[in-house]
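Colleague: Working from the sequences, and respecting the hints, build out all of it.
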Amino acid sequence: MESTTPRPALGKAPDAGLHPVSGRPLGSGSPSHGGKSLKAGKGATAADAITGPAKDKYVDLGVRVPKSVRKRLRAQAKATGVTPDDLVSRLLASALGTGR
Amino acid sequence: MAMTAVLSLKGGVGKSTVVLGLAGAAWARDLRVLVIDLDPQANATVALDPPPFAFTVGDVLSDGRQGIAAEAIVPSGWGPCVDVLPSEEAVAHRNRPEGVDSSTRLRVTLTGVTDAYDLVLLDCPPSLDELTRNGLAAADNALIVTEPGFFALQGATRALHAVEAARTSLNLRLRPTGILLNRVRGNLSEHRYRMEELRRVYGDLVLDCIIPERSAVQQAQGAGVPVQAWRSPGASEVIDAFDDLLDRILD
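Chains as they are written, first to last, in this note's numbering: chain A, 1 to 100; chain B, 1001 to 1251.
These are computed hints drawn from the structure, not numbers from a lab.
Everything hinted at is true.
On the chain B side, residues computed to face chain A include the following (Cβ under 7 Å): (1) F1055; (2) G1058; (3) S1062; (4) D1063; (5) I1068; (6) E1071; (7) A1090; (8) A1092; (9) H1093.
Listing some non-contacts, in silico: residues in chain A with all C-beta distances to chain B over 10 Å: (10) D56; (11) K57; (12) V65; (13) V69; (14) V82; (15) P84; (16) R90; (17) L91; (18) L92.
Interface residues of chain A toward chain B, partial, derived using beta-carbon atoms under 10 Å: (19) P8; (20) A9; (21) L26.
Heads up, the beta-carbon is just placed ideally off N, CA and C, and yes, glycines get one too.
Modeller: Next up, the structure:
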């Protein structure tokens, strides 16, 4: 008489979560470059996409703001321990959705 | 149903490209195709653009039960006729012998699974270790891919010996389809010399159809579509070559 117990489904191999060279845990099925696009920008190589984003250059941005805004900016920068330039960069990046 | 292992013991000669080209040629004819990606580099898997998958060929080989491969097969992004048994980095763990049945596990796990397909293509890694042995033990025929270069031709020679060894020790059904010249640039004298050299040594084993080097192949791979869906003069030459190759395999 045949057993009516359903056979167990396919499971992950015991070592499927380990890197074959290092033996350390792999990301869950993600490629080693962390899913980042390997498309290289101008002057960049595929290696740049693997090792991390290229460092951003800093440029001057001349803008006119109300004096009261500048005052609050300087106060906020001092309170958070960064320069006004850094604070503006972060606020703009956040507002523009770049995630930096 | 034809089950073809695509191999070369040298890396970078375009095995995955040939697998994808053949899968595309079959896709264009509305044939049912299964691509089994045995290469831990998983290039064929990525190019076939499947949805997120839970299991890979490594899990199937680790399990080893008859017919279990069906649970890991997923549809590709190319359409309903092309399925893939995907790969990932960790598949490299299965590239060493694990017990007496180690080399024939893939064949067992595919029992009853491949009947639903007109063509099954096995993309082997560029080594003669356990993953390639599993491919050769499961396949009916072996297509050896090479470039017209000195090192690549040496790799083709070793691959032919490997097919013969696999036939006598693992799989009496296995036959060499032939040696396929890939990425051929007919304007290069070195390529012409190596092609003549290969034909002198291996005669009819060298297939008449050759795959020319065309940027359309890489462009289509980057876009995650078959080269047969890429419209350019270069693509047309490659499409014709893969169509001829498919005829040869399905004969």
